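Enquirer: Position chain B with the ligand relative to chain A; hints supplied.
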Amino acid sequence: MRLVTALTPEALPLIEHYRLEQVDSDPLFPLYRNDTIYLVVSGIGKTLAAAATAYLHTKSGELPNQPFLNIGIAGHHRSIAGAARVANRITDQSTGQTWYPPQIIRDSMERSALITVETVERDYAEDAAYDMEAAGFYPIAWRASSAELVQSLKVISDHPGESVAHLDLQRIEGLIGNCFDEIDGLVKALQDLAGIVVSTTPEPYRLEPFVERWHFSVTQRHRLRRVLARWAVLAKGEDPLTSVPSGCPSARHTIEALENALLAKPLDLHAEVARPLPKLS
Amino acid sequence: MIQTIYIERQVADHPRAREVLARFPAAQRIDCDRYTEIFNPKNQNFRLQKQQPALIIAHKFGKRVLSAPEGYGIGGQHNYYFSHMLNCIYDCRYCFLQGMYRSAHYVLFINYDDFFASMDRTLANHPSEDVWFFSGYDCDSLALDPVTGFATHLLTFLESRQRAFVELRTKSTQIRALLAAPAIPNAVVAFSLTPTETADRFEHKAPPIAKRLQAMRQLADKGWPLGLRFDPLIFDDAFEERYRRLFEEVFAALAPQSLHSVTLGAFRMPQRFFRNLIRLYPSEPLFASPLQNRSGLVSYSKTREEEMIRFCLKELTTYVPPERLFSCSADTRQHGNPPVQTLQAAGVPKR
Ligand code: SF4
Chain A
7 MRLVTALTPE ALPLIEHYRL EQVDSDPLFP LYRNDTIYLV VSGIGKTLAA
57 AATAYLHTKS GELPNQPFLN IGIAGHHRSI AGAARVANRI TDQSTGQTWY
107 PPQIIRDSME RSALITVETV ERDYAEDAAY DMEAAGFYPI AWRASSAELV
157 QSLKVISDHP GESVAHLDLQ RIEGLIGNCF DEIDGLVKAL QDLAGIVVST
207 TPEPYRLEPF VERWHFSVTQ RHRLRRVLAR WAVLAKGEDP LTSVPSGCPS
257 ARHTIEALEN ALLAKPLDLH AEVARPLPKL S
Chain B
2 MIQTIYIERQ VADHPRAREV LARFPAAQRI DCDRYTEIFN PKNQNFRLQK
52 QQPALIIAHK FGKRVLSAPE GYGIGGQHNY YFSHMLNCIY DCRYCFLQGM
102 YRSAHYVLFI NYDDFFASMD RTLANHPSED VWFFSGYDCD SLALDPVTGF
152 ATHLLTFLES RQRAFVELRT KSTQIRALLA APAIPNAVVA FSLTPTETAD
202 RFEHKAPPIA KRLQAMRQLA DKGWPLGLRF DPLIFDDAFE ERYRRLFEEV
252 FAALAPQSLH SVTLGAFRMP QRFFRNLIRL YPSEPLFASP LQNRSGLVSY
302 SKTREEEMIR FCLKELTTYV PPERLFSCSA DTRQHGNPPV QTLQAAGVPK
352 R
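Taken in sequence, the protein lines are chains A and B. Just so you know, we're using the working numbering here: the first sequence kicks off at 7 and counts up by one. Just so you know, we're using the working numbering here: the second sequence kicks off at 2 and counts up by one.
Bear in mind the hints are in silico, worked out from the structure with no lab data behind them. Wrong hints could be hidden among the right ones.
What the hints assert, rightly or not - No more than 16 Å apart at the CA atoms, straight line, and that leaves these computed lysine to aspartate or glutamate pairs for EDC-like:
1. Lys-194(A) x Asp-274(A)
2. Lys-206(B) x Asp-222(B)
3. Lys-271(A) x Asp-237(B)
4. Lys-242(A) x Asp-198(A)
5. Lys-64(B) x Asp-139(B)
6. Lys-64(B) x Asp-115(B)
7. Lys-242(A) x Asp-139(B)
8. Lys-212(B) x Glu-198(B)
9. Lys-271(A) x Asp-238(B)
All of these numbers come straight from a predicted model, not from anything done at the bench.
Same shape as in the complex, but just chain A (with noise of 0.2 Å):
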């Protein structure tokens, strides 16, 4: 899980609740993990917020498929200080650029269009939360994953008409603290989500071994790849090399050899019923 928030008082709750520790002494972003959550500073704007999280992407190991959110304050045009909303559509009112999160987690949460802007605002002329960030942090984190696993979470903090004065850094923290319990409930819901991805990929088989004994063009390292792939899925347990003959004199007799052994395999595909999928909060 990867989680990008503007300010220092934004992330405290997050930090003491997931147990995070800083990561370097003198990073570019400050930078905060646990053993499955990572979490960066990024400082405010939508540039420090792309930076930021491609710093952190890049920290936590490039790894496809993780879950990013982004997490902070926002002003709303309405009158809903300390409600938590999730944006279904994120504009950059600077470009006009407009993404749309897919909405895929089923929970009680409010959604709402989230307006990123340049700078303060505080006439938040549409029916949309306003933020500084958002269209910074969501094409960076997309681009590193998949856009159903990347949300942006807003707790309202002000609208037209209030001052801004008692936006302190303790109320801000505040705010974020009070909706820990709807933060958690989509972390650990985008966190069952991108888990659907990662578990159902099995474990391949090296081509090590086979590449240390028969020389193997480009092509033919793509087939290799593809049936040692199927041989994971229907040889699972089975090691493939015995499946090829000791003598055997190229990498082409190689490839036909492990796809002639599981061409000779029983073929049952109605034995393993289709696993149901882990439930969305």
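Expert: Below, chain B with the ligand without anything else, positioned relative to chain A:
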């Protein structure tokens, strides 16, 4: 069931869009400019979206009726297809839509009248000849009909166009609109069937075979011409036994006279789509089973495919007159894009 509805701003006031929205009062509504903003971007995961697909209400621009590939058809000379919807509420593991589209959201094009106008123009291009229009390539023709109401509009259109023949292809039992209308000879309701265990294993969320047969019987009783689509045929070691049982079950329920056509086709798919399917379901034994790339189409080996088709044809000819039987093969398909079936007569005269 539908929790999110995207709607193009230009159709927001369309009465049909309003009707659809009214059916889902609890759904969140998100306005957009074009459906492609949501449907087309990269880095979407079809499998994850299948957890909770959204509905997108849109206007179809451009070509609405497209030529079917050369050689395609169930006896007609002029063959076209159209899609008033993209994607499907069912989740068949072998469905090529998973490989073709980046998004699993359902797109509903609500300008039905424009589709009918395009069909009229196509008819005008073939004066005094029959023209076939195939629906149900990019969706299931009837599965969402209670929401879309498309079938009723289509049937009204067809009533006065006797040269226009339509195939509605489905796995659903949503036949209310058909039962409410008088049967017409130019709309064939074609049901896709696989053996019960295969359907249970691969056709998630689709009605069980017994229910489909029940729906077919109801339609037959009302005089609707029916089609049987044994497509895709899926091979495993018990293939012959399973399909023999399926045919017995089907023809115990249906009188052969009610059948307009029966088609057969082994599992096959453009390689590009197939690669996407493996990415989505890397542990699926069906995709790991022995398949070959035959000129850009992934299918069974030619020998195996011929054996499968031969077996089914032999079984089926005990029930169905040969002139109503059609089969297709990976080799007869020139097109990497849908529609994915190119049918040819199975060694028997075409209707
Ligand atoms: S019913 Fe047809 S369109 Fe729908 S998922 Fe199954 S194969 Fe795909």
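Enquirer: Next step is simple, just say for each hint if it's right about the structure.
Expert: Quick rundown of the hints versus the structure:
1. Lys-194(A) x Asp-274(A): At roughly 36 Å apart (the allowed maximum being 16 Å), Asp-274(A) and Lys-194(A) break the hint.
2. Lys-206(B) x Asp-222(B): violated, 26 Å
3. Lys-271(A) x Asp-237(B): holds, 11 Å
4. Lys-242(A) x Asp-198(A): The given pair, whose Cα atoms are some 25 Å apart, is violated under the 16 Å limit.
5. Lys-64(B) x Asp-139(B): It holds: about 15 Å lies between the C-alpha atoms, which stays within 16 Å.
6. Lys-64(B) x Asp-115(B): Status holds; Cα separation ~10 Å.
7. Lys-242(A) x Asp-139(B): With a Cα-Cα distance of about 35 Å, the restraint between Lys-242(A) and Asp-139(B) is violated, given a limit of 16 Å.
8. Lys-212(B) x Glu-198(B): Holds - the C-alpha atoms of Glu-198(B) and Lys-212(B) are around 14 Å apart, at most 16 Å.
9. Lys-271(A) x Asp-238(B): holds, 10 Å
Hint compliance for this structure: hints 1, 2, 4, 7 are broken, all remaining hints hold.
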